[in-house]
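Line by line, the protein sequences are chains A and B.
Numbered according to the numbering used here, the first sequence spans residues 44 to 416.
Numbered according to the numbering used here, the second sequence spans residues 2 to 205.
Derived by calculation from the structure, the hints in this document are not laboratory data.
None of the values given here were measured: they were computed from a predicted structure.
Fair warning: there could be bad hints in the mix.
The following residues of chain A were derived to be distant from chain B, with all beta-carbon distances above 10 Å [to be verified]:
no., residue
1, Ile72
2, Leu76
3, Phe80
4, Ala84
5, Leu94
6, Val267
7, Phe320
8, Val337
9, Ala339
10, Leu366
11, Val390
12, Ser398
27 Å max Cα-Cα, derived BS3-like pairs, lysine-lysine [what the hints assert, rightly or not]:
no., chain 1, residue 1, chain 2, residue 2
13, B, Lys126, B, Lys156
14, B, Lys9, A, Lys355
15, A, Lys184, A, Lys348
16, B, Lys153, B, Lys178
17, A, Lys348, B, Lys9
Yeah, the Cβ is synthetic: ideal placement off N, Cα and C, and Gly gets one too.
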Amino acid sequence: MLTDILLTLLKAVGVVLGLLTTFAYMTLIERRLLARFQIRAGPNRVGPLGLLQPVADAIKSIFKEDLVVTAADKIIFWLAPFIAITMALSAFGAIPAGPAGSLFGQDPWVFNLDIGLLFILATTSMGVYGIFLAGWSSGSKYPLFGGLRSSAQIISYELGQGLSVLGLLMLTGTMNLVGIVNWQAEHGILILFQGVAFVTFVISSFAETNRTPFDLPEAEQELVAGYLTEYSSIKWALFQMAEYVNMITASAVISTLFMGGFKGPAFLGETIANIPFIWLFAKIALWLFIFIWVRATLPRMRYDKLQQFGWKFLFPVALMNTLATAAYKAFLPNSSLWYLGIFSVLVVIAMIVFSGSRDWQKVDVKTRAVAGD
Amino acid sequence: MGVLEIAKGMGVTLGKLFTKPVTVSYPETPARLQPRYRGRHILTRHANGLEKCIGCSLCAAACPAYAIYVEAAENTPTNTLSAGERHASVYEINMLRCIFCGMCEEACPTGAVILGNEFEMADYKTRDMVYGKEDMIVGVEGSKPQRREAAKNTKPVKRGFVVTPRREVEEAINANKNRSSSVATIPGSGVGVKPNLELNEVKR
Ligand code: SF4
Ligand code: SF4
Numbered sequence: 044m045l046t047d048i049l050l051t052l053l054k055a056v057g058v059v060l061g062l063l064t065t066f067a068y069m070t071l072i073e074r075r076l077l078a079r080f081q082i083r084a085g086p087n088r089v090g091p092l093g094l095l096q097p098v099a100d101a102i103k104s105i106f107k108e109d110l111v112v113t114a115a116d117k118i119i120f121w122l123a124p125f126i127a128i129t130m131a132l133s134a135f136g137a138i139p140a141g142p143a144g145s146l147f148g149q150d151p152w153v154f155n156l157d158i159g160l161l162f163i164l165a166t167t168s169m170g171v172y173g174i175f176l177a178g179w180s181s182g183s184k185y186p187l188f189g190g191l192r193s194s195a196q197i198i199s200y201e202l203g204q205g206l207s208v209l210g211l212l213m214l215t216g217t218m219n220l221v222g223i224v225n226w227q228a229e230h231g232i233l234i235l236f237q238g239v240a241f242v243t244f245v246i247s248s249f250a251e252t253n254r255t256p257f258d259l260p261e262a263e264q265e266l267v268a269g270y271l272t273e274y275s276s277i278k279w280a281l282f283q284m285a286e287y288v289n290m291i292t293a294s295a296v297i298s299t300l301f302m303g304g305f306k307g308p309a310f311l312g313e314t315i316a317n318i319p320f321i322w323l324f325a326k327i328a329l330w331l332f333i334f335i336w337v338r339a340t341l342p343r344m345r346y347d348k349l350q351q352f353g354w355k356f357l358f359p360v361a362l363m364n365t366l367a368t369a370a371y372k373a374f375l376p377n378s379s380l381w382y383l384g385i386f387s388v389l390v391v392i393a394m395i396v397f398s399g400s401r402d403w404q405k406v407d408v409k410t411r412a413v414a415g416d
Numbered sequence: 002m003g004v005l006e007i008a009k010g011m012g013v014t015l016g017k018l019f020t021k022p023v024t025v026s027y028p029e030t031p032a033r034l035q036p037r038y039r040g041r042h043i044l045t046r047h048a049n050g051l052e053k054c055i056g057c058s059l060c061a062a063a064c065p066a067y068a069i070y071v072e073a074a075e076n077t078p079t080n081t082l083s084a085g086e087r088h089a090s091v092y093e094i095n096m097l098r099c100i101f102c103g104m105c106e107e108a109c110p111t112g113a114v115i116l117g118n119e120f121e122m123a124d125y126k127t128r129d130m131v132y133g134k135e136d137m138i139v140g141v142e143g144s145k146p147q148r149r150e151a152a153k154n155t156k157p158v159k160r161g162f163v164v165t166p167r168r169e170v171e172e173a174i175n176a177n178k179n180r181s182s183s184v185a186t187i188p189g190s191g192v193g194v195k196p197n198l199e200l201n202e203v204k205r
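Based on the sequences and whatever the hints tell you, model everything.
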């Protein structure tokens, strides 16, 4: 019993350290990659190849003066970054990094809940309280805008995100993340059968993590730095940490739900596919790269368009996918899963074709008023 | 914004990821300047070694940043510095004020002051940013800190840029090199004036 607790603690510390190191180097990798996308060299002065840049950044942000605005609500102002980072870090513990017992005889996850997926969705959206409270307690105008934007955005996109995974859950019949991965190992990865859900889930993950093109809460051009405006020093760093950790968690969740999680491709044989960590890390790295790539390419959306996109596109499409999967389960319970696969491909193609038409982008006065534009 | 357009855009950025960055890693790789780049001033001489500047202060009047200070003195038979009646006994430009606009060069009736290409003048003391005649007279290479560094290490001045100078600058430098050495001995002509590095060192 005691050893169990100790082991879990040890694993938790390991995960936190791992996440924070990844965060530190993600900032460097992101800056270097963004620079290369823009044909620049990027930060390469501190240490060989700029590899000590994160250390320099950390020292700098720790030793900067910690300013608190007079009008700020001090307690909440202090609390907000901690909420953000705590939620971000605790969500990752549920992600399984390998098959049971593969970490020196231990399970490569911190905790394995039957409601694993629900837990992750819940904690990541709790993290928004950090952002929202930060904006609220700053006692200044732009952070308030940023915080409100962020909560409105999360509400809209959480709906799409939650609905996207419903179909998937109906197929797998479990919310346990290890269960979902094992189901995929047995039947094939879920991106094949839930393509539509995959698309909507990825888009709403971008929105949930406040990444471009959905980074409205900290839109520099309009809001200085959004909810971060009044933060400095280590509290600012904590928010940055939370943002990046959320990004890593989102990548891990996408990989786990749709891309086979910790399992490698089956054709490489069981032993190779079962090597812990490697496959999950590779998939996370791929998604992190995509996050950066998208940031390097896409401009920010306008706020009313963001809301429209969430409510008029993501939500109905995710709902339709849920209904289609439910219909499949109800009427064709024993037939091949490939019907769903074909359905997904057709719908995705239709979405690509119709995305060029401008109809859904038309702004009518009513939605503009609702979006507060 | 259709998906296909987005995909096209993503393709463009991905392509750029694999192209060589255009960044010039100054100071490791020298910066290439354009010939007409306006940097530190040069005070030129006539072919016979006399200074062109006649201390008329027109440059100081034209300077929009009030960066130039000139004091004129009469040329005497024993102390002939310039080709005119008077010469500049003090000629200073405050490089912190100067905006390198080139108005002084345009205003000068004798073509005495021209803008060269040097720009690496960062220094520790504000006072050291005031460049005197001895820091700008043609033939002096490098900025004050660069020359101080070179004097300390007894190495030639190292410049961090390459440039093909424009015609005026090139002519002025060449004329100074080809100057007949006999004239160079005019007493007090400033020829062979050493940059007063020691002086700076002491003052600091
Ligand atoms: S370049 Fe312009 S600012 Fe500088 S000294 Fe000449 S006139 Fe003044
Ligand atoms: S540099 Fe030219 S304008 Fe200035 S004082 Fe000398 S002669 Fe006159």
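Right, here's what the structure says about each hint:
At the 10 Å boundary, the C-beta of A:Ile72 stays outside the reach of chain B, the nearest C-beta of that chain being 13 Å off. For A:Leu76, the shortest C-beta to C-beta distance to chain B comes to about 7 Å, within the 10 Å cut-off, and the non-interface label is violated. Residue-level check failed: A:Phe80 sits 5 Å from the nearest beta carbon of chain B, not beyond 10 Å. Chain B draws A:Ala84 into its interface by the beta-carbon criterion, the shortest separation being 4 Å against a cut-off of 10 Å.
Non-interface call for A:Leu94 relative to chain B: holds, since the shortest CB-CB distance, roughly 17 Å, exceeds 10 Å. A cut-off of 10 Å between C-beta atoms confirms that A:Val267 is not in contact with chain B; the least separation is 27 Å. Every beta carbon of chain B lies more than 10 Å from that of A:Phe320, the smallest distance being close to 27 Å; the non-interface claim holds. Remark: the non-interface label on A:Val337 conflicts with the geometry, its nearest Cβ contact in chain B lying 7 Å away (cut-off 10 Å).
Not every C-beta of chain B lies more than 10 Å from that of A:Ala339, the closest at about 5 Å, which undercuts listing it as non-interface. With a cut of 10 Å on Cβ distances, A:Leu366 stays outside the contact zone with chain B, its closest approach being about 23 Å. With a closest Cβ-Cβ approach of about 13 Å to chain B, A:Val390 is found to remain outside the 10 Å limit, as its non-interface label requires. A beta-carbon of chain B comes within 10 Å of the beta-carbon of A:Ser398; the shortest separation is about 4 Å.
Note on B:Lys126 and B:Lys156: the hinted pairing holds, with a Cα-Cα distance of about 23 Å set against a maximum of 27 Å. A C-alpha spacing of about 25 Å is found between B:Lys9 and A:Lys355, which places the hinted pair at or below 27 Å, so the restraint holds. A distance of roughly 23 Å separates the Cα atoms of A:Lys184 and A:Lys348; the hinted pair therefore holds under the 27 Å criterion. Straight-line distance between C-alpha atoms of B:Lys153 and B:Lys178 comes to about 25 Å, which keeps the hinted pair within the 27 Å bound.
Distance check on the hinted pair: A:Lys348 and B:Lys9 sit about 21 Å apart at the alpha-carbon level, within 27 Å; holds.
Against the hints set out earlier in the document, violations occur for numbers 2, 3, 4, 8, 9 and 12.
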